[in-house]
Amino acid sequence: MSTMALGTRTGLRGFPTLLGTETRLWLRDAGTVFYAVVFPTVLIVGLGLAIPGMREPITDAPEPWLGITPIAFYGPVALATAVASIALTTFPSYVATFREKGVLRRLSTTPMRPQGLVLAHLVISLGALLVAAGLAVVVGGIAFGLPVPASAGIVLLSFVLCVLSMFGVGAVIAALTPRATTANAFGMLIYFPMLFFAGMWTPGPVMPEGVAEVARFTPLGAATQAMNAGWFTGDVPGLQLVVMAAWSAVLLPVASRYFRWS
Amino acid sequence: MTSPAPATGALSETATGPVVEVRTLRKSYPGPRGAGRKVAVEDVSFSVAPGEIFGILGPNGAGKTTTVECLAGLRTADAGQVRILGTDPQQHPEAIKDVVGVQLQEAELSPRITVREAMRLFASFYEDPADPDELLALLDLVAQRDVRFSRLSGGQKQRLSIALALVGRPRVAILDELTTGLDPAARRATWDLIERVRDSGVTILLVTHFMDEAERLCDRLVIIDHGRVVAEGTPAELIEQVDAERTVVLRLAAEDVTRAVAALDGLPEVSGVAAAGRRVEVTGSRRVLFAVVQALAAHDVVPDDVATTARTLEDVFVHHTGRPYEEPAADAITKGARS
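Taken in sequence, the protein lines are chains C and U. Quick note on the numbering used here: the first sequence kicks off at 1 and runs consecutively. Quick note on the numbering used here: the second sequence kicks off at 1001 and runs consecutively.
Since the hints were derived computationally from the structure, they do not count as laboratory data. In this text the structure is predicted, and so the values were computed from the model without any measurement. We put the beta carbon where it would ideally sit given N, CA and C, even for glycine. Where hints are given, some of them may not hold.
To be verified - Quick partial rundown of chain U residues pointing at chain C, CB under 8 Å, derived from the structure: (1) Ala-1072; (2) Lys-1097; (3) Asp-1098; (4) Ala-1107; (5) Glu-1108; (6) Ser-1110; (7) Arg-1112; (8) Ile-1113; (9) Glu-1117; (10) Arg-1120; (11) Ser-1124; (12) Phe-1125; (13) Tyr-1126.
Using the sequences and the hints, build the whole thing.
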């Protein structure tokens, strides 16, 4: 039927243009770019240089910590920060702004689905956090000689699950908040406790046992504990991996099911 | 006004059938916090012929935007039928999006996107888009090509919004309150533009709360009030229907006023005489002008000025609803029933 051909649509025609345009617009926002991409590196370099003793090898702790410089514990924390900054703040804020400003509604009247815009921002966010994480590890490695992970596979698996579970949290915020200010408020409300449980202020073995017990059931706490295990001991962090998988399995479908398109 | 509905669900290629058909449309929204549902559209029917500029006119909250949102496939109606080019946008929202261009109220773009980027982006969504540069020239936006959305003036944003609605070469363009917030010169320029777009073969559905805009621009229109159609026709037809009563305004020499009022009051054609200073307003039947002139001539009163007041769509609204049409300030539009 030639008449139907008029209305036939691919749903994502124009997606490459959309992704390219949104990437340019994303990069134009200097504040977001700094916070999302550069902040984790600044964190690890700043702590390493500013706090005395960070670069002195530990002499008074048992294996596996003996001989490791304390700044090394900030390797996993920096990776977790890279994921959390983008998943909890920039991504939900962008999506909520699109909803608030009527951009999603406007797209609904064109052959491009509004889902395409959310997808484009997931791609941009993933790209940005990979750059942020890579930058932090490389610069940290050069500046402070971070140790090579005992098990790169466990670190990588932990990182992937960290991304999935944290984007689960971010996506639920993005799905449900009507306004950008609300999205930012919820994001920040969760961001700092998450960083606390990730060990921002008590990294690696410094975290008190009681806090660590709670932290391993939060997505970001489980992520740094799992990455610590992979990085410094090579043990399989079974509980932490299951915790992150469980958060992902619950939050991502919830976000998808309850996403408000207008 | 009703035409037979096309039998198929496919986009109709015929040039004669209605482009847009709405029949007994009804749409309500849930009230806040479980309160009773608010009916936005009670009962709306109309049909739009190819190549028309068709107006949906009514005060704020009348149900205009809800009606076109159902047409654009953004909302699902509770009851009634909606067809665009023979296709039901409720059932096949994806089928109409290549051929219907929509300009929404309160829809913004990313603040950092430039005019040129926005045009390229929206053009990429369509199968056979118009040339973005040509459209920008038509909409007088060439000089703003590299300006970011956040730095555009209200009029420039509005023109860009229209350009984006047209970039997919639509056969139907739905324009919602397109001149709200524009200064008078920009409004007139926009009206000329809409006529040029119509002349290029696009059927236009124009939503407006401005009486003068509807009167100036629309080939036909419906007036909607409280979710119902209260009148339908060409602006001239609608005005003629309520034009039973005429008004003549006289300006007289001060010493003639009392004499003239006495002469005019009580004439069979005259239903009312009101004097204010030297100004005398006489209302009456269709022949009131003749009666006034003859009576003044008989009393040798020579008026300085005689004017008949023109009827407008505002009188049509008053006639059908029994209350005055209050046009809100253009920058103080409040939206009801928005989720």
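Here is what the structure says about each hint:
The beta carbon of Ala-1072 (chain U) is positioned within 8 Å of a beta carbon in chain C (closest approach about 5 Å), and the interface hint is therefore held. A cut of 8 Å between beta carbons decides the hint on Lys-1097 (chain U): the least distance to chain C is about 5 Å, and the hint holds. For Asp-1098 (chain U), the suggested interface contact is upheld, since its CB lies about 5 Å from the closest CB of chain C, less than 8 Å. Of the supplied interface hints, the one on Ala-1107 (chain U) holds, with its beta-carbon coming within about 4 Å of a beta-carbon of chain C, less than 8 Å.
The interface hint given for Glu-1108 (chain U) is met, as the beta carbon of that residue sits about 4 Å from the closest beta carbon of chain C, less than 8 Å. About 5 Å separates the beta-carbon of Ser-1110 (chain U) from the nearest beta-carbon of chain C, less than 8 Å, and the hint is met. Checking Arg-1112 (chain U) against chain C by beta carbon gives a least distance of about 5 Å; that is within 8 Å, so the hint holds. Hint status for Ile-1113 (chain U) relative to chain C: holds, with the closest Cβ pair at about 6 Å, below 8 Å.
About 6 Å separates the beta-carbon of Glu-1117 (chain U) from the nearest beta-carbon of chain C, less than 8 Å, and the hint is met. The interface hint given for Arg-1120 (chain U) is met, as the beta carbon of that residue sits about 7 Å from the closest beta carbon of chain C, less than 8 Å. For Ser-1124 (chain U), the shortest C-beta to C-beta distance to chain C is roughly 3 Å, which falls under 8 Å, so the interface hint holds. At about 4 Å, the closest approach between the beta carbon of Phe-1125 (chain U) and any beta carbon in chain C falls short of 8 Å, and the interface hint on this residue holds.
Checking Tyr-1126 (chain U) against chain C by beta carbon gives a least distance of about 6 Å; that is within 8 Å, so the hint holds.
Of the numbered hints stated above, none is contradicted by the structure.
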